[in-house]
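Sequences and hints are given; from them, build the entire structure.
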Amino acid sequence: MEVFEFLYSYISMLEWTHVAMWAIGGILIFLAIKKEMEPTLLLPLGFGTILVNLPMSGAVGENGPLSVLFKAGIDHVSGELFPLLLFIGIGAMIDFGPILSNPKLMIFGAAAQFGIFLTICLASMFFDLKDAASIGIIGAADGPTSIVVAQKLGSNYVGAIMVAAYSYMALVPMIQPPIIKLLTTKQERLIRMPYEQKSVSKTTRILFPIIVTVIAGLISAESVSLVGFLMFGNLIRECGVLDSLSETAQKTLANLVTIFLGITIATQMQADKFLQLDTLLILGLGLVAFVFDTAGGVLFAKLLNLFLKKKINPMIGAAGISAFPMSGRVVHKMALEEDPNNFILMQAIGVNVSGQVASVIAGGLVLNFFMNMGG
Amino acid sequence: MGNFIFKPEAFVDSLQYMGKGMLGIIIVIGIIILTTVLINYFTGEKVSRSKKILFVSALCLAIIFLSAANTIRIDQEKANQPETPPTTDVSPSVDEK
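Top to bottom, those sequences are chains U and Y. Per my numbering, the first sequence starts with residue 1, numbered consecutively. Per my numbering, the second sequence starts with residue 1, numbered consecutively.
Because the hints were derived from the structure by calculation, they are not lab data. Here the structure is a predicted model, which means the values were calculated and not measured. Note that beta-carbon positions come from the ideal geometry of N, C-alpha and C, so glycine has one too. Each hint should be verified, as a subset may be incorrect.
[Stated by the list, open to error] Interface residues of chain Y toward chain U, partial, derived using beta-carbon atoms under 7 angstroms: (1) Pro8; (2) Phe11; (3) Ser14; (4) Leu15; (5) Tyr17; (6) Met18; (7) Met22; (8) Ile25; (9) Val28; (10) Thr36; (11) Ile39; (12) Thr43.
[Unchecked claim] Only pairs whose alpha carbons sit at most 30 angstroms apart, straight line, appear in this in silico DSBU-like list of lysine-lysine: (13) U/Lys104 with Y/Lys52; (14) U/Lys310 with U/Lys186; (15) U/Lys311 with Y/Lys46; (16) Y/Lys51 with U/Lys198; (17) U/Lys104 with Y/Lys51; (18) U/Lys181 with U/Lys333; (19) U/Lys311 with Y/Lys20; (20) U/Lys202 with Y/Lys51; (21) Y/Lys20 with U/Lys302.
[As the list claims (entries may be wrong)] Far from chain U, some chain Y residues (derived; all Cβ distances over 10 angstroms): (22) Ala10; (23) Gly24; (24) Thr35; (25) Ser48; (26) Arg49; (27) Leu54; (28) Phe55; (29) Ser57; (30) Ala58; (31) Cys60; (32) Ala68; (33) Ile72; (34) Arg73; (35) Gln76; (36) Ala79.
Right, here's the structure in full:
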């Protein structure tokens with residue numbers, strides 16, 4: 001039998017925790033392919049989970065390629081390069097036109113970040129403040145922001161945070177509608193909001209990303225990388241003289257970084273880090289963050305309606321969550337279900353886009369509060 | 001299996017971050033909204049070229065003034081910092097060696 005030891009030596013190291021993680025990886029792959037839930041991230045994450053949970057896996061460890069990629073692109077030492085590069089691509093994809101023509105809608109993006117801070121308070125009952133802040137940022141509903149904040153704060157739960165963030169982003173069409181219906185009356189859901197198309201000058205489109213970066217950076221220096229890379233991508237798109245770069249950022253760069261990001265984050269999905277009761281708690285708290293983001297946006301809109309003559313459909317507050325464009329489409333669909341002639345898509349998408357900006361600023365503020373905190 | 005300890009008092013202690021966070025983000029977004037409204041106004045066709053130039057000039061002057069004032073204040077703070085006393089040389093002199 002010793003002659004065949006080379007065949008079974010690693011099999012003899014297989015533990016139940018490895019098999020459990022294979023199952024989790026398989027579930028993520030199933031969700032990505034069969035249910036088409038965020039396949040760009042969940043598929044590489046799922047497969048990477050299987051890779052890193054093979055006994056003595058050569059993919060991780062000192063010279064393991066995934067560990068090397070992690071140090072190069074995600075670790076704090078590298079400046080969280082991969083998610084920030086992805087932000088260039090995301091920025092190049094975003095059209096800020098709807099909020100530039102109606103800037104007031106941006107306030108709902110701010111209100112819909114309530115879930116982040118409430119979850120930090122709830123999570124602080126179970127985890128230290130830096131981990132609580134990293135868990136709360138799941139409510140940003142933005143993968144790169146969650147990774148950057150969790151890494152900069154040195155969280156031990158990056159894997160669980162990533163799974164929660166991306167899974168719940170994909171589940172927005174299931175999470176938001178019950179919350180919205182619970183918090184609004186039928187009369188409120190029937191409120192119509194006529195859309196007046198206003199043109200936005202090219203100068204405004206070019207100045208907006210520059211000015212947002214300066215304002216956010218002056219108030220929260222830690223947010224410069226997050227906001228700056230997002231707005232850089234948008235500037236490439238809007239300047240009108242870099243079409244090839246814009247297209248590269250939106251397609252090639254975004255896809256390339258997504259491939260590396262998904263499979264590299266899987267290094268945090270090793271059994272000893274993931275299979276803990278903490279993981280279940282983090283998944284639960286992540287859901288709370290999304291629920292209260294939705295509630296925050298809707299309730300803020302209802303509060304404003306107390307003072308406004310021209311009422312707002314409070315459902316658009318829920319679109320302030322950064323899950324773009326799903327959240328906007330969910331709200332629009334709900335409005336159509338109540339009244340087939342009630343079109344609030346442009347307002348919902350505008351609020352949804354503002355949620356992207358607000359979530360990145362919220363990430364910067366969280367870093368401002370907690371990054372220099374001891375312990 | 002869990003590495004957490006339940007501390008309910010931490011919820012109250014961390015409420016300050018919720019207050020600061022929500023206030024902070026509403027203020028930042030408020031500033032961005034105001035700035036966007038101003039940009040839309042001054043890049044629109046209704047405003048005359050001279051008004052646009054006046055606005056941009058005023059903005060540039062305000063930024064230059066603020067940064068100059070900050071630079072002066074920082075330089076003054078550096079100048080007012082007490083000088084660190086020179087360290088005494090404790091190495092043995094050549095004669096002692």
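Problem - Violated hints, by number in ascending order, as checked against the structure - result: 22, 23 and 24
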